[in-house]
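Engineer: Sequence:
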Amino acid sequence: MNSTAFDTALQLVRTLSEQLEAYRDTSVGMPVPEREHADDASGWICDECDAIVRARDFMFDVINAHTIPRLSELKSRHNNTTLIYRLPLDVLASIFKFVVDSDACELPSARPPLQLASVSRWWREVALGTPVLWTWIGTEAGSSDDLISIFLDRSKAAVLDVELAIDDEDSDFVTFPPREIVRKSRHRECVPRILKALVPHTSRLRSFSFKNVPDFHKEFFTSPAPQLVALCYAVHSGTECYAPTNIFAGHTPRLRDLQLISTHVALTSPIYTGLTKLHLGHILYRSCMIHDLIRVIKACPLLEELALSYIHFYTGDSEGGGFHMLSLPSVHEPIALVMLRRMEVRSLAREDAGEVFMSVVMPPSSLLVLPLYSHEDFNDVVLKARDNLKNLARIRSLRLTSPVRECHYSRASCELWGETASKRGLTLLHVPFDVRHATGVASPLFRSISQFFSIQIETLSLTGIPGDWSPDIPYAALFSSLPSLIKFSLESCALACSFLKVLIATPTSHLCPWLAKLYLANMSGLDTSLVEIAKSRGCLDGSRVGRLRKLALAECPLADECMELLKAYVQVKSTHKSFDLSPVRADIEFINPPHIIRIRSPEWNLPDDADA
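If you read the sequence shown in full-length UniProt numbering, its first letter stands for residue 1, the second for the next number, and so on.
Hints in this document: simulated from the structure, not taken from any laboratory.
Just so we're clear, the structure is a prediction, and the values are computed from it rather than from any experiment.
Glycine included, every Cβ here is placed at the ideal spot set by N, Cα and C.
One or more hints might be untrue.
Quick list of in silico lysine-lysine cross-link-like pairs, BS3-like style, CA-CA up to 30 Å [stated by the list, open to error]:
no., residue 1, residue 2
1, K567, K535
2, K277, K196
3, K535, K550
If you anchor each label on the Cβ, the simulated ranges turn out as follows [what the hints assert, rightly or not]:
no., residue 1, residue 2, range
4, L383, E189, 27 to 37 Å
5, S76, R54, 47 to 57 Å
6, P301, V199, 26 to 36 Å
7, I52, R86, 43 to 53 Å
8, R77, K218, 55 to 65 Å
9, K196, R124, 50 to 60 Å
10, A249, R193, 19 to 29 Å
11, R56, E189, 27 to 37 Å
12, A158, K196, 37 to 47 Å
With these hints in hand, go ahead and build the complete structure from the sequences.
Structural biologist: The structure is reproduced here in structure tokens:
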């Protein structure tokens with residue numbers, strides 16, 4: 001093929017040269033245009049060069065005109081033989097759906113739908129023919145009117161998922177001030193552009209999220225949203241937005257997930273109907289009362305998640321010149337929320353929190369998240385509603401973790417977990433609390449919790465108690481309130497000896513008479529205390545019911561003589577690798593704390609034979 005192309009090109013050049021030579025012979029009598037610094041011969045040479053260049057370019061154009069379409073056809077035929085092209089259109093479209101999740105940091109040109117549409121004609125055909133790929137609209141989609149129009153047009157009549165956010169001062173981008181300023185300014189321009197384009201498409205909204213958008217755009221919320229399933233309006237800039245009572249014209253029949261943070265929508269609004277998830281946070285209701293909130297809960301009998309954080313009910317006090325809290329006796333029958341999986345009540349007035357607990361019947365398997373302060377009394381908050389909190393009656397295990405092992409953040413330095421009796425127990429209670437007023441097990445809160453669950457607690461676990469708590473801990477009072485205790489776990493505790501000395505049985509003191517299993521981890525200097533406990537409580541033959549039978553040690557060095565002595569009274573298992581008696585660190589998701597804090601329940605990993 002190379003020789004053929006070479007011969008063809010050579011023949012073309014020779015023919016062209018001969019034609020030019022013949023043309024020059026017949027033009028002897030013709031005047032030759034004057035050329036600067038060139039005679040007649042050099043002029044003909046330049047003409048021949050120009051002619052050859054034009055012929056070459058023409059030859060290339062001819063070759064491209066015939067070869068490019070042929071190459072494209074051959075490549076298309078090759079692509080059609082690959083596996084991806086043999087997939088049915090609906091299957092390929094389903095694959096594309098998994099890659100369209102966009103990152104808010106991406107540039108508009110990097111959006112997955114736009115990239116898919118530019119790979120090949122087949123992929124473009126699939127992308128343009130799959131409206132669902134264009135239904136997610138983020139803030140960057142408002143970079144231009146044309147871009148938002150592309151998404152709205154190509155999504156056709158499919159339901160839309162809209163997520164608009166403006167980076168606030170507490171975001172990670174604060175370390176890059178110039179870029180942050182530009183980015184924030186661009187987002188402020190994008191949001192109005194998107195909302196203006198979405199006004200005719202309100203009926204297509206399936207989910208709508210507003211985060212840190214300080215201005216409430218009332219014109220967008222005046223039309224019905226019959227397909228809206230999830231609505232999140234969260235303002236974290238220290239301001240509060242006020243939405244009309246008839247938001248979305250009062251027509252959101254499919255709304256199930258509602259989250260309002262620093263966004264005031266009157267509790268008399270029809271938007272609070274038929275919800276399965278409700279989160280209200282950082283809202284001051286000036287014209288509504290706690291009973292309006294109870295009516296909202298009653299209008300949502302299928303609630304699965306309920307979170308109330310920093311909610312206050314105030315009205316003007318003309319006599320006092322200030323504000324007073326509205327609190328009236330409950331007039332509602334208890335509401336049975338049979339589908340409720342999680343309820344969080346954070347920083348509500350004690351009267352309001354009590355009203356909520358008195359009005360709601362929690363299922364036995366639901367989780368109650370109740371952040372408190374260490375000086376508060378657990379009984380004051382929930383005691384009157386004990387019969388309604390069915391889940392608390394199932395708690396058999398309490399676990400307290402201190403700041404030594406847990407993350408530091410101002411609102412919850414310690415955490416207490418309540419679980420069922422099984423080894424992988426179901427978490428039913430989570431109480432984060434600070435330690436600014438009193439510390440850990442020395443706090444009135446912990447004492448009140450242990451008293452509340454007194455006769456039902458079988459397992460107590462304490463993790464990471466520092467030595468400076470020693471003077472304040474009422475050791476005897478702590479264990480005397482737990483007469484049914486069977487298992488006691490202690491890990492990374494500087495006060496281990498003090499705890500163990502209280503458990504030594506004497507003729508005048510026999511706390512926790514049913515204690516049968518003792519687990520210790522990551523501590524030292526326990527030889528004397530353990531020997532005294534084993535002598536006073538241990539019995540290998542099992543002839544005495546309720547005696548200490550098993551001692552598990554992990555990373556707790558003991559003298560050989562002490563170990564042999566312990567084995568004479570109890571079953572001893574010692575390992576150099578600590579078994580995890582503390583909960584795996586909770587996965588805490590922050591959205592500008594303390595506005596939204598979601599904590600997933602941890603699990604404890606006891607040794608495989610811990611219950612042997």
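Engineer: Each hint: holds or not?
Structural biologist: Going through the hints against the structure:
1. K567 x K535: Holds - the C-alpha atoms of K535 and K567 are around 11 Å apart, at most 30 Å.
2. K277 x K196: Cα-Cα ~29 Å, so holds.
3. K535 x K550: holds, 13 Å
4. L383 x E189: 27 to 37 Å: Because 54 Å falls outside the window, the suggested range is violated.
5. S76 x R54: 47 to 57 Å: With a Cβ separation near 33 Å, S76 and R54 fall outside 47 to 57 Å, so the hint is violated.
6. P301 x V199: 26 to 36 Å: Given a distance of about 34 Å, which is inside 26 to 36 Å, the answer is holds.
7. I52 x R86: 43 to 53 Å: holds, 49 Å
8. R77 x K218: 55 to 65 Å: holds, 57 Å
9. K196 x R124: 50 to 60 Å: About 29 Å separates the Cβ atoms of K196 and R124, which means 50 to 60 Å is violated.
10. A249 x R193: 19 to 29 Å: holds, 23 Å
11. R56 x E189: 27 to 37 Å: violated, 52 Å
12. A158 x K196: 37 to 47 Å: Since the Cβ atoms of A158 and K196 sit about 20 Å apart, the hinted range of 37 to 47 Å is violated.
Going down the numbered hints, you'll see the structure goes against 4, 5, 9, 11 and 12, while the others check out.
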